[in-house]
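**Q** Chain by chain, the residues:
There are 2 protein chains.
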Amino acid sequence: MTHPLRLGIAGLGTVGTGLVKLVQTNADLIAARAGRPVEIVAVCARSRTRNRGVDISAYAWEDDPVALARRDDVDVVVELMGGENGPAKALTEAAIDAGKDVVSANKALLALYGQALAEAAEAKGVALRFEAAVAGGIPVIKSLMEGLAGNRITRIKGVMNGTCNYILTRMEDAGLPYDTVFEEANQLGFLEADPTLDVGGIDAAHKLALLAAIGFGVQPNFDAIELGGIEKISIEDIRAAADLGLRIKLLGVAQMTGRGLEQSMTPCLVPSDSPLGQLKGGTNMVVIEGDAVEQIVLRGPGAGEGPTASAVMGDVIDIARGLRLPVFGQPANSLAQAVAARATASKPFYLRMGLIDKPGALAKVAEALGLAGVSINRMRQYGHADTRAPVLVITHKTTRDAIEHAVALSLKTGVVVGEPVALAIEED
Amino acid sequence: MTHPLRLGIAGLGTVGTGLVKLVQTNADLIAARAGRPVEIVAVCARSRTRNRGVDISAYAWEDDPVALARRDDVDVVVELMGGENGPAKALTEAAIDAGKDVVSANKALLALYGQALAEAAEAKGVALRFEAAVAGGIPVIKSLMEGLAGNRITRIKGVMNGTCNYILTRMEDAGLPYDTVFEEANQLGFLEADPTLDVGGIDAAHKLALLAAIGFGVQPNFDAIELGGIEKISIEDIRAAADLGLRIKLLGVAQMTGRGLEQSMTPCLVPSDSPLGQLKGGTNMVVIEGDAVEQIVLRGPGAGEGPTASAVMGDVIDIARGLRLPVFGQPANSLAQAVAARATASKPFYLRMGLIDKPGALAKVAEALGLAGVSINRMRQYGHADTRAPVLVITHKTTRDAIEHAVALSLKTGVVVGEPVALAIEED
Numbered sequence: 001m002t003h004p005l006r007l008g009i010a011g012l013g014t015v016g017t018g019l020v021k022l023v024q025t026n027a028d029l030i031a032a033r034a035g036r037p038v039e040i041v042a043v044c045a046r047s048r049t050r051n052r053g054v055d056i057s058a059y060a061w062e063d064d065p066v067a068l069a070r071r072d073d074v075d076v077v078v079e080l081m082g083g084e085n086g087p088a089k090a091l092t093e094a095a096i097d098a099g100k101d102v103v104s105a106n107k108a109l110l111a112l113y114g115q116a117l118a119e120a121a122e123a124k125g126v127a128l129r130f131e132a133a134v135a136g137g138i139p140v141i142k143s144l145m146e147g148l149a150g151n152r153i154t155r156i157k158g159v160m161n162g163t164c165n166y167i168l169t170r171m172e173d174a175g176l177p178y179d180t181v182f183e184e185a186n187q188l189g190f191l192e193a194d195p196t197l198d199v200g201g202i203d204a205a206h207k208l209a210l211l212a213a214i215g216f217g218v219q220p221n222f223d224a225i226e227l228g229g230i231e232k233i234s235i236e237d238i239r240a241a242a243d244l245g246l247r248i249k250l251l252g253v254a255q256m257t258g259r260g261l262e263q264s265m266t267p268c269l270v271p272s273d274s275p276l277g278q279l280k281g282g283t284n285m286v287v288i289e290g291d292a293v294e295q296i297v298l299r300g301p302g303a304g305e306g307p308t309a310s311a312v313m314g315d316v317i318d319i320a321r322g323l324r325l326p327v328f329g330q331p332a333n334s335l336a337q338a339v340a341a342r343a344t345a346s347k348p349f350y351l352r353m354g355l356i357d358k359p360g361a362l363a364k365v366a367e368a369l370g371l372a373g374v375s376i377n378r379m380r381q382y383g384h385a386d387t388r389a390p391v392l393v394i395t396h397k398t399t400r401d402a403i404e405h406a407v408a409l410s411l412k413t414g415v416v417v418g419e420p421v422a423l424a425i426e427e428d
Numbered sequence: 001m002t003h004p005l006r007l008g009i010a011g012l013g014t015v016g017t018g019l020v021k022l023v024q025t026n027a028d029l030i031a032a033r034a035g036r037p038v039e040i041v042a043v044c045a046r047s048r049t050r051n052r053g054v055d056i057s058a059y060a061w062e063d064d065p066v067a068l069a070r071r072d073d074v075d076v077v078v079e080l081m082g083g084e085n086g087p088a089k090a091l092t093e094a095a096i097d098a099g100k101d102v103v104s105a106n107k108a109l110l111a112l113y114g115q116a117l118a119e120a121a122e123a124k125g126v127a128l129r130f131e132a133a134v135a136g137g138i139p140v141i142k143s144l145m146e147g148l149a150g151n152r153i154t155r156i157k158g159v160m161n162g163t164c165n166y167i168l169t170r171m172e173d174a175g176l177p178y179d180t181v182f183e184e185a186n187q188l189g190f191l192e193a194d195p196t197l198d199v200g201g202i203d204a205a206h207k208l209a210l211l212a213a214i215g216f217g218v219q220p221n222f223d224a225i226e227l228g229g230i231e232k233i234s235i236e237d238i239r240a241a242a243d244l245g246l247r248i249k250l251l252g253v254a255q256m257t258g259r260g261l262e263q264s265m266t267p268c269l270v271p272s273d274s275p276l277g278q279l280k281g282g283t284n285m286v287v288i289e290g291d292a293v294e295q296i297v298l299r300g301p302g303a304g305e306g307p308t309a310s311a312v313m314g315d316v317i318d319i320a321r322g323l324r325l326p327v328f329g330q331p332a333n334s335l336a337q338a339v340a341a342r343a344t345a346s347k348p349f350y351l352r353m354g355l356i357d358k359p360g361a362l363a364k365v366a367e368a369l370g371l372a373g374v375s376i377n378r379m380r381q382y383g384h385a386d387t388r389a390p391v392l393v394i395t396h397k398t399t400r401d402a403i404e405h406a407v408a409l410s411l412k413t414g415v416v417v418g419e420p421v422a423l424a425i426e427e428d
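Residue numbers (our numbering), protein chains in the order written: chain A, 1 to 428; chain B, 1 to 428.
Everything labelled a hint here was simulated from the structure, so no lab data went into it. One or more hints might be untrue.
Over 10 angstroms on every C-beta distance to chain A, these chain B residues come out as not near it, computed from the model [claimed, not checked]:
1. Ala116
2. Ile356
3. Thr398
4. Pro420
Listed next, the in silico DSS-like pairs over lysine-lysine satisfying Cα-Cα at most 27 angstroms (straight line) [said to hold, decoys possible]:
5. B/Lys358 - B/Lys412
6. B/Lys89 - B/Lys21
7. B/Lys347 - B/Lys280
8. A/Lys232 - A/Lys412
9. A/Lys412 - A/Lys397
10. B/Lys280 - A/Lys347
11. B/Lys280 - A/Lys280
12. B/Lys347 - A/Lys280
13. B/Lys397 - B/Lys347
Interface residues of chain B toward chain A, partial, derived using beta-carbon atoms under 8 angstroms [claimed, not checked]:
14. Ile30
15. Gly137
16. Val293
17. Ile296
On a predicted model such as this, the values are computed, not experimentally measured, just so you know. Ideal placement from N, C-alpha and C gives every residue a C-beta, glycine not left out.
Modelling step: build the complete structure from the supplied sequences, incorporating the hints.
**A** This is the structure we're talking about:
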């Protein structure tokens with residue numbers, strides 16, 4: 001098998017450009033490892049003339065992604081355009097239909113349409129690989145789908161959106177409020193065109209849906225994920241957490257409980273000195289737990305030209321080497337439904353409320369928590385300059401339902417000012 | 001391909017027993033992921049009757065490993081006996097010769113005879129996989145050989161012997177001397193029958209030789225590794241390091257320099273707050289750096305029944321799925337020679353010496369360092385009760401040659417008492 005593997009690349013943004021550079025720079029090394037040369041034969045992007053710092057003159061140009069997907073001289077279609085619908089979807093479907101292997105970095109497309117695409121790819125006998133869609137350069141999909149394939153996976157946790165982690169880290173380090181750091185991140189070009197994808201947790205939840213599908217043998221189901229963004233995290237919360245030896249992270253958790261698979265992507269508190277707690281800036285981390293392996297922690301750059309191109313290239317080399325796997329690690333038609341399970345896993349919670357500064361206010365809230373069956377582990381009331389007394393509660397292990405009930409009862413007492421903040425604490 | 005994949009397991013110690021349990025417990029899940037059932041058909045171990053807590057009565061028994069390797073009903077021979085020579089080597093050679101795929105956890109065998117075994121396996125067209133030989137449950141070989149295959153690897157670093165890391169961590173936490181903790185580890189059963197394999201750095205160096213072969217496209221060459229054990233690390237060194245914000249780790253480093261590939265497995269100092277510095281007890285960590293991916297950090301249990309069985313099972317499932325790769329990621333006959341390169345990489349060093357307590361002693365040592373071209377960054381002299389004044393030097397970046405020259409010149413001054421300790425500092 002020494003004939004070249006021929007790539008058609010759709011999308012020449014940061015990742016596409018990085019892939020072109022990698023194919024050009026490491027051609028000899030890639031050929032030695034793949035057992036055959038890997039070549040680019042055709043590309044497709046919005047602008048043909050933009051200066052990208054790489055020479056693409058040797059490659060055929062296509063204006064239409066679907067035409068690229070159908071080219072006879074293309075073996076593998078690499079989809080780096082992004083977008084959950086539109087041209088990326090049309091291209092991917094056309095490529096599968098034309099019997100081409102596909103490598104994709106498109107988390108949104110796969111999280112939303114992955115099941116149908118997997119069924120189509122498996123029916124056609126083509127590969128559909130997406131290492132670059134989750135956690136940038138970290139080979140997390142390969143580790144989970146292949147390296148840990150002997151394990152019954154029990155939990156997957158992770159920080160998978162570098163922008164949110166940058167914002168939270170920067171708020172703590174510089175003592176700045178959310179809005180200021182959000183604007184900073186915007187100026188630095190860290191945010192998606194629609195920033196809700198980042199700060200609303202959507203992008204990270206797309207990634208979690210893909211990992212959960214592989215780890216737990218379910219159809220990827222974005223809608224089954226309990227979703228919460230970081231927009232409501234205040235500098236007060238960050239300081240209070242630090243005071244307790246905790247840090248706030250936008251944390252994805254997929255875990256098998258007695259009532260089925262629970263998936264959430266929400267701001268959580270983790271110990272400051274844990275691997276997750278120490279994660280700074282745009283770095284990603286995924287923690288995988290299985291019945292045999294215990295716990296594996298994978299850490300690396302979550303985005304960027306080089307790291308993402310590295311992940312794409314890993315998939316391309318797999319295909320060149322002849323690796324053929326079901327898209328999510330077992331046949332798509334054998335995947336179970338992932339239903340939206342209300343979180344029943346029992347965890348400690350962090351609860352911050354502002355109380356009116358009157359005698360008995362604290363007692364009323366404590367009573368409300370008790371009525372909801374929420375037991376208090378630690379409580380702190382902070383000094384304050386205005387009429388609002390900030391109160392912090394760390395509960396014993398309880399459920400999100402109980403916490404929401406406790407918050408509702410607290411609000412009914414009439415002593416709570418503003419909106420309470422309730423965050424789960426992921427201790428281990 | 002729905003016929004079962006049939007395993008013959010040689011060795012039923014901790015790992016072998018763990019593998020039997022895993023095959024039995026997760027049979028359905030493994031079949032779904034592998035696309036076919038994985039079955040054990042025959043086993044071989046020293047004692048047939050020992051109670052291992054698993055039922056092996058359904059499997060054929062072989063007294064002779066070579067006979068196991070040649071059984072017609074075995075597709076994959078799993079070598080979990082250990083030992084760099086003798087039965088493990090005979091079994092592996094016989095299995096390859098009989099056209100069987102082999103999965104091995106034997107780092108010593110592969111580090112010493114890997115090149116010949118790889119050539120034999122590739123000539124026969126059989127797989128020889130060894131994820132479990134390096135860093136226990138961490139899928140580091142898969143990550144390096146497959147996930148990061150598009151990268152020119154620039155450096156691999158890691159803590160890969162849990163026993164050494166346990167000893168060093170325990171010395172620091174409990175303030176105990178080396179000999180006491182060594183004896184503790186021995187009592188706990190953490191040490192190999194020949195403890196030099198652990199504390200002499202040999203076991204970890206075997207692992208580094210395998211990673212270097214894959215990452216840098218060289219023949220595994222244990223003899224090319226600069227080797228140093230932890231036996232000479234004193235509680236004084238551990239305290240002095242802590243004082244400087246550093247921790248001592250038995251650290252493997254393989255890096256490409258202008259003069260070729262340098263490999264070392266020696267006690268080094270790392271920042272206490274770095275991922276490597278924070279690694280406690282028996283956990284392993286491997287850091288991989290490549291031109292595209294930047295830096296990936298992998299962390300997990302370095303040994304134990306479940307984690308090691310998980311790694312073995314990952315290889316078995318790869319074989320069941322039809323994955324076929326050259327043993328070290330590119331054809332064995334294309335691997336370069338790894339020569340024993342004298343370390344030229346420039347690093348800061350930690351130097352601890354005892355000086356006679358007389359005026360001018362410190363000046364003489366400082367002069368000796370200067371003559372050797374070693375520039376001092378920080379120097380501390382500690383208070384002392386006896387006649388020996390402990391002096392600590394942190395140098396600016398220099399080479400190991402220069403440091404050894406400086407030590408030799410220092411010894412010639414006649415003011416140094418006892419043996420100086422010189423350790424490289426790995427800062428990033």
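**Q** Evaluate each hint against the coordinates.
**A** Now for the hints, and whether the structure bears them out:
no.	hint	verdict
1	Ala116	holds (20 angstroms)
2	Ile356	holds (42 angstroms)
3	Thr398	holds (30 angstroms)
4	Pro420	holds (34 angstroms)
5	B/Lys358 - B/Lys412	holds (16 angstroms)
6	B/Lys89 - B/Lys21	holds (25 angstroms)
7	B/Lys347 - B/Lys280	holds (24 angstroms)
8	A/Lys232 - A/Lys412	holds (22 angstroms)
9	A/Lys412 - A/Lys397	holds (23 angstroms)
10	B/Lys280 - A/Lys347	holds (26 angstroms)
11	B/Lys280 - A/Lys280	holds (21 angstroms)
12	B/Lys347 - A/Lys280	holds (26 angstroms)
13	B/Lys397 - B/Lys347	holds (4 angstroms)
14	Ile30	holds (6 angstroms)
15	Gly137	holds (4 angstroms)
16	Val293	holds (4 angstroms)
17	Ile296	holds (4 angstroms)
This entry satisfies every hint, going by the numbered hints stated previously.
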